[in-house]
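Trainee: Please build the complete structure, drawing on both the sequences and the hints.
There are 2 protein chains.
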Amino acid sequence: MQNTLNYIEQNKERYVQELFELLRIASISADPAYNQDVLDCADKVAEHLKNAGADQVEVCETEGYPIVYGEKILDASLPTVLVYGHYDVQPPDPLDLWKKPPFEPYIEPTAAHPQGAIFARGSADDKGQFFMHIKAFEAMMKTQTLPCNVKFLIEGEEEVGSKSLEGFVKQYKDKLSCDCILISDTHIYSLEQPTVTTGLRGLSYVEVEVEGPNRDLHSGLYGGAVPNPIHVLSRMVAELIDSKGRIQIDGFYDNVLEVSMEERKEMNRLKDNPEEFKSSIGLSGVEGEEGYTTLERTSIRPTLDCNGIWGGYTGEGAKTVIPSKAFAKISMRLVPYQTPEEITEKFTRFFEKIAPKNVKVKVKPHHGGMPYVLPSDTKEFLAAKKAMETAFGKEVLPYRSGGSIPITAMFEQVLEAKSVLMGFGLDSDAIHSPNEHFGLYNFYKGIESIPLFFENYTKG
Amino acid sequence: MQNTLNYIEQNKERYVQELFELLRIASISADPAYNQDVLDCADKVAEHLKNAGADQVEVCETEGYPIVYGEKILDASLPTVLVYGHYDVQPPDPLDLWKKPPFEPYIEPTAAHPQGAIFARGSADDKGQFFMHIKAFEAMMKTQTLPCNVKFLIEGEEEVGSKSLEGFVKQYKDKLSCDCILISDTHIYSLEQPTVTTGLRGLSYVEVEVEGPNRDLHSGLYGGAVPNPIHVLSRMVAELIDSKGRIQIDGFYDNVLEVSMEERKEMNRLKDNPEEFKSSIGLSGVEGEEGYTTLERTSIRPTLDCNGIWGGYTGEGAKTVIPSKAFAKISMRLVPYQTPEEITEKFTRFFEKIAPKNVKVKVKPHHGGMPYVLPSDTKEFLAAKKAMETAFGKEVLPYRSGGSIPITAMFEQVLEAKSVLMGFGLDSDAIHSPNEHFGLYNFYKGIESIPLFFENYTKG
Numbered sequence: 000m001q002n003t004l005n006y007i008e009q010n011k012e013r014y015v016q017e018l019f020e021l022l023r024i025a026s027i028s029a030d031p032a033y034n035q036d037v038l039d040c041a042d043k044v045a046e047h048l049k050n051a052g053a054d055q056v057e058v059c060e061t062e063g064y065p066i067v068y069g070e071k072i073l074d075a076s077l078p079t080v081l082v083y084g085h086y087d088v089q090p091p092d093p094l095d096l097w098k099k100p101p102f103e104p105y106i107e108p109t110a111a112h113p114q115g116a117i118f119a120r121g122s123a124d125d126k127g128q129f130f131m132h133i134k135a136f137e138a139m140m141k142t143q144t145l146p147c148n149v150k151f152l153i154e155g156e157e158e159v160g161s162k163s164l165e166g167f168v169k170q171y172k173d174k175l176s177c178d179c180i181l182i183s184d185t186h187i188y189s190l191e192q193p194t195v196t197t198g199l200r201g202l203s204y205v206e207v208e209v210e211g212p213n214r215d216l217h218s219g220l221y222g223g224a225v226p227n228p229i230h231v232l233s234r235m236v237a238e239l240i241d242s243k244g245r246i247q248i249d250g251f252y253d254n255v256l257e258v259s260m261e262e263r264k265e266m267n268r269l270k271d272n273p274e275e276f277k278s279s280i281g282l283s284g285v286e287g288e289e290g291y292t293t294l295e296r297t298s299i300r301p302t303l304d305c306n307g308i309w310g311g312y313t314g315e316g317a318k319t320v321i322p323s324k325a326f327a328k329i330s331m332r333l334v335p336y337q338t339p340e341e342i343t344e345k346f347t348r349f350f351e352k353i354a355p356k357n358v359k360v361k362v363k364p365h366h367g368g369m370p371y372v373l374p375s376d377t378k379e380f381l382a383a384k385k386a387m388e389t390a391f392g393k394e395v396l397p398y399r400s401g402g403s404i405p406i407t408a409m410f411e412q413v414l415e416a417k418s419v420l421m422g423f424g425l426d427s428d429a430i431h432s433p434n435e436h437f438g439l440y441n442f443y444k445g446i447e448s449i450p451l452f453f454e455n456y457t458k459g
Numbered sequence: 000m001q002n003t004l005n006y007i008e009q010n011k012e013r014y015v016q017e018l019f020e021l022l023r024i025a026s027i028s029a030d031p032a033y034n035q036d037v038l039d040c041a042d043k044v045a046e047h048l049k050n051a052g053a054d055q056v057e058v059c060e061t062e063g064y065p066i067v068y069g070e071k072i073l074d075a076s077l078p079t080v081l082v083y084g085h086y087d088v089q090p091p092d093p094l095d096l097w098k099k100p101p102f103e104p105y106i107e108p109t110a111a112h113p114q115g116a117i118f119a120r121g122s123a124d125d126k127g128q129f130f131m132h133i134k135a136f137e138a139m140m141k142t143q144t145l146p147c148n149v150k151f152l153i154e155g156e157e158e159v160g161s162k163s164l165e166g167f168v169k170q171y172k173d174k175l176s177c178d179c180i181l182i183s184d185t186h187i188y189s190l191e192q193p194t195v196t197t198g199l200r201g202l203s204y205v206e207v208e209v210e211g212p213n214r215d216l217h218s219g220l221y222g223g224a225v226p227n228p229i230h231v232l233s234r235m236v237a238e239l240i241d242s243k244g245r246i247q248i249d250g251f252y253d254n255v256l257e258v259s260m261e262e263r264k265e266m267n268r269l270k271d272n273p274e275e276f277k278s279s280i281g282l283s284g285v286e287g288e289e290g291y292t293t294l295e296r297t298s299i300r301p302t303l304d305c306n307g308i309w310g311g312y313t314g315e316g317a318k319t320v321i322p323s324k325a326f327a328k329i330s331m332r333l334v335p336y337q338t339p340e341e342i343t344e345k346f347t348r349f350f351e352k353i354a355p356k357n358v359k360v361k362v363k364p365h366h367g368g369m370p371y372v373l374p375s376d377t378k379e380f381l382a383a384k385k386a387m388e389t390a391f392g393k394e395v396l397p398y399r400s401g402g403s404i405p406i407t408a409m410f411e412q413v414l415e416a417k418s419v420l421m422g423f424g425l426d427s428d429a430i431h432s433p434n435e436h437f438g439l440y441n442f443y444k445g446i447e448s449i450p451l452f453f454e455n456y457t458k459g
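Top to bottom, those sequences are chains A and B. Letter 143 of the first sequence, counting from 1, is numbered 142 in numbering that gives the first Met the number 0, and no numbers are missing. Letter 121 of the second sequence, counting from 1, is numbered 120 in numbering that gives the first Met the number 0, and no numbers are missing.
Be aware that one or more of the hints could be misleading.
What the hints assert, rightly or not - Below, a sample of chain A positions facing chain B; criterion: calculated Cβ distance under 7 Å:
| no. | residue |
| --- | --- |
| 1 | V159 |
| 2 | S163 |
| 3 | R214 |
| 4 | N227 |
| 5 | G287 |
| 6 | G290 |
| 7 | T302 |
| 8 | I308 |
| 9 | T313 |
| 10 | I321 |
| 11 | S330 |
| 12 | A354 |
| 13 | N357 |
Please keep in mind that the hints were generated in silico from the structure rather than gathered at the bench. Even for Gly, the Cβ is constructed at its ideal location relative to N, Cα and C.
Mentor: Okay, here's the thing in structure tokens:
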């Protein structure tokens with residue numbers, strides 16, 4: 000193991016330069032204008048896998064963006080770890096809030112990352128994180144210390160719902176067979192308190208449309224006499240959550256697993272620092288469902304958020320218009336045992352129920368995903384915990400995250416294997432926001448933790 | 000007079016071609032990208048005034064867009080009519096709803112305009128309408144029938160609040176002195192029931208901003224634990240109007256002139272056809288302040304409308320973000336004796352009052368304007384009524400419109416002259432909307448009515 004760690008230490012500056020190249024590719028899967036960039040990025044990932052020593056490297060076509068595959072099979076009797084990651088990234092807007100262009104990576108220290116952080120869209124989510132696995136693999140290959148079989152599955156549609164992945168995994172179920180899945184696409188609680196993620200929320204995402212008049216109207220001539228879709232939509236959005244933070248959709252909480260007081264006490268060992276939490280995002284106060292801590296609200300409770308709203312004139316200056324339509328994008332985070340199908344259906348029924356009679360409403364479902372839990376007594380969790388404890392030199396706790404990686408539930412179902420969510424970002428890394436970044440220290444600790452995980456898992 | 004009308008008849012097809020040239024200039028005053036087009040349009044208007052026979056034609060610089068001036072003074076002892084219009088237009092978005100590009104005029108019949116309508120941004124508001132005055136003036140000059148003095152004042156900032164006009168009118172008060180102001184920037188009730196507009200609503204226009212966290216956040220990691228500015232703004236917009244259509248701003252109705260039941264009965268002689276009104280804009284039902292007809296809601300009652308709302312991700316696909324900020328544009332239509340200053344201040348106070356403690360709100364005032372009334376027993380009203388009755392061959396009624404031409408109150412104050420609102424569009428002409436148009440028949444009837452007004456007014 001010491002050889003591997005030495006190799007990593009000697010090559011880590013090159014690793015950063017190689018990651019920069021990957022970050023320069025604007026692989027925005029949500030925006031068709033970046034189609035070629037996404038395809039270029041897939042090719043680049045394949046090239047890296049080959050150079051690191053993987054066999055059978057292939058850019059596999061799908062109906063959407065390609066999935067990059069590669070493997071190293073040492074011996075069929077050894078365990079097999081499947082590494083999953085994604086090379087696509089979130090759209091970078093609003094662009095004007097970035098300090099430098101989102102696809103021109105640079106390093107700058109921050110309060111949370113005094114040794115420097117890599118700033119670029121995708122640095123933490125997920126290019127910087129899946130790249131750690133390729134580089135750790137390279138180190139194990141070069142030092143001949145790879146202890147088990149490894150397969151790589153790096154997709155390009157995670158940010159748009161992994162539309163092609165399930166079909167692909169089902170089709171190549173045998174090729175992808177493995178004992179566990181290793182994913183770095185989450186964050187640790189803090190550098191002082193490293194964690195392994197043991198729970199993820201599911202997701203239901205919808206777009207709604209409210210139509211009033213069949214064309215845009217002059218608000219002077221029609222104002223006050225027709226239903227204005229912006230007002231109607233505002234009232235409907237307001238009706239979704241009550242003043243106590245409870246979601247009003249009929250039956251929304253029916254299948255929610257109520258976590259025991261004992262488990263809640265255990266999870267609250269991760270100290271919430273409310274003042275630091277508030278000041279890190281510039282808030283004078285937080286709010287949410289009554290009776291729960293911030294940590295609980297973002298992990299064991301389901302939530303609903305309007306992620307976008309638009310209608311009417313939004314340009315410079317003033318325009319006196321009553322628009323024909325107004326729109327919103329709304330996502331709901333789910334917990335066991337809610338399902339995206341169930342919640343999308345309940346949302347649709349409720350939204351149609353509360354629509355006033357003089358407007359038409361439409362609900363269009365986007366992607367969804369199941370919630371996921373990894374028990375903290377499993378071999379997979381323990382191998383990850385021990386690996387990170389060695390790398391960080393600190394106790395590692397289990398952590399339930401509020402985010403969603405919908406494919407973990409699918410992997411469990413199709414491949415019959417548990418996913419280990421060994422992520423290395425920080426909560427403050429601004430993923431999905433302007434100025435996304437990933438700590439250099441985190442990047443290096445991640446690369447060190449991975450061979451340790453392979454060793455623990457193979458031996459365990 | 001017959002000579003003048005003959006001249007108009009012989010030249011009307013050329014008039015339309017000349018108007019097309021003017022409509023091809025994208026003089027969008029709200030968007031700085033169209034700066035040169037607006038300036039080009041001013042030059043074109045000046046050229047038309049010169050060619051029609053005006054003296055002292057000048058493109059007068061202001062701090063904003065220029066004001067085009069021209070005059071024909073026959074004799075100081077004759078009355079003077081000041082013609083006002085504006086050569087700037089509303090932004091054309093949403094562009095994808097136009098059947099053809101907004102600055103490529105074409106003619107097509109519609110249900111309301113069986114003889115054809117000119118489709119283009121600005122065709123009715125206001126290029127097509129002020130151009131009628133230049134062409135009627137040309138006809139009177141060529142046939143030597145101009146009965147009084149005339150001055151032209153065509154501005155380029157009406158759609159952005161006429162920012163430079165008041166200073167200009169005050170500075171050149173003597174040069175602009177007149178007995179009445181003639182404006183065609185309104186519509187008639189219908190071709191069957193022509194009207195002269197005797198009342199206009201005032202305007203207060205504000206932009207609001209709600210700020211929650213100081214940066215965009217990932218809704219999975221933060222959702223349910225922080226104030227989401229889209230939800231907060233939605234609740235605040237919902238609070239502005241109650242379920243009976245009453246505006247909730249403290250003191251909003253304090254200075255509203257309650258119109259007598261007698262006058263309400265008289266104004267309701269203009270027959271509301273609710274079914275036609277609803278079907279023309281594709282609504283199954285209308286709504287508004289309880290206790291008033293649609294006609295009253297859009298004329299003698301003050302109203303509030305959200306003209307735009309935006310925040311978060313509004314592009315294609317899905318993005319799970321909690322935005323830092325959400326915005327709305329809100330306009331209020333005022334009636335005598337509300338003032339824009341009073342209402343903007345009351346709005347601001349109320350909006351700040353209802354803001355929850357965990358967010359910051361900002362209210363930025365845009366332009367405003369005073370309401371206006373022209374009594375139906377004045378010389379000005381009667382000259383217009385008679386002129387239109389001759390041209391249309393039908394009784395003409397007074398009509399209070401819901402729109403705003405804020406400068407009428409200013410003209411009255413500075414120039415001590417009443418404005419006559421002799422507009423010729425139809426309510427269904429889609430001004431401020433995609434596919435704006437102006438009926439050919441309306442255009443011709445307007446050009447005929449103008450010399451008749453000059454004659455009636457001079458003799459009366």
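Trainee: Confirm or reject each hint.
Mentor: Hints versus structure:
no. : hint : in the structure
1   : V159 : 5 Å, holds
2   : S163 : 15 Å, violated
3   : R214 : 6 Å, holds
4   : N227 : 5 Å, holds
5   : G287 : 5 Å, holds
6   : G290 : 13 Å, violated
7   : T302 : 3 Å, holds
8   : I308 : 5 Å, holds
9   : T313 : 4 Å, holds
10  : I321 : 6 Å, holds
11  : S330 : 5 Å, holds
12  : A354 : 12 Å, violated
13  : N357 : 4 Å, holds
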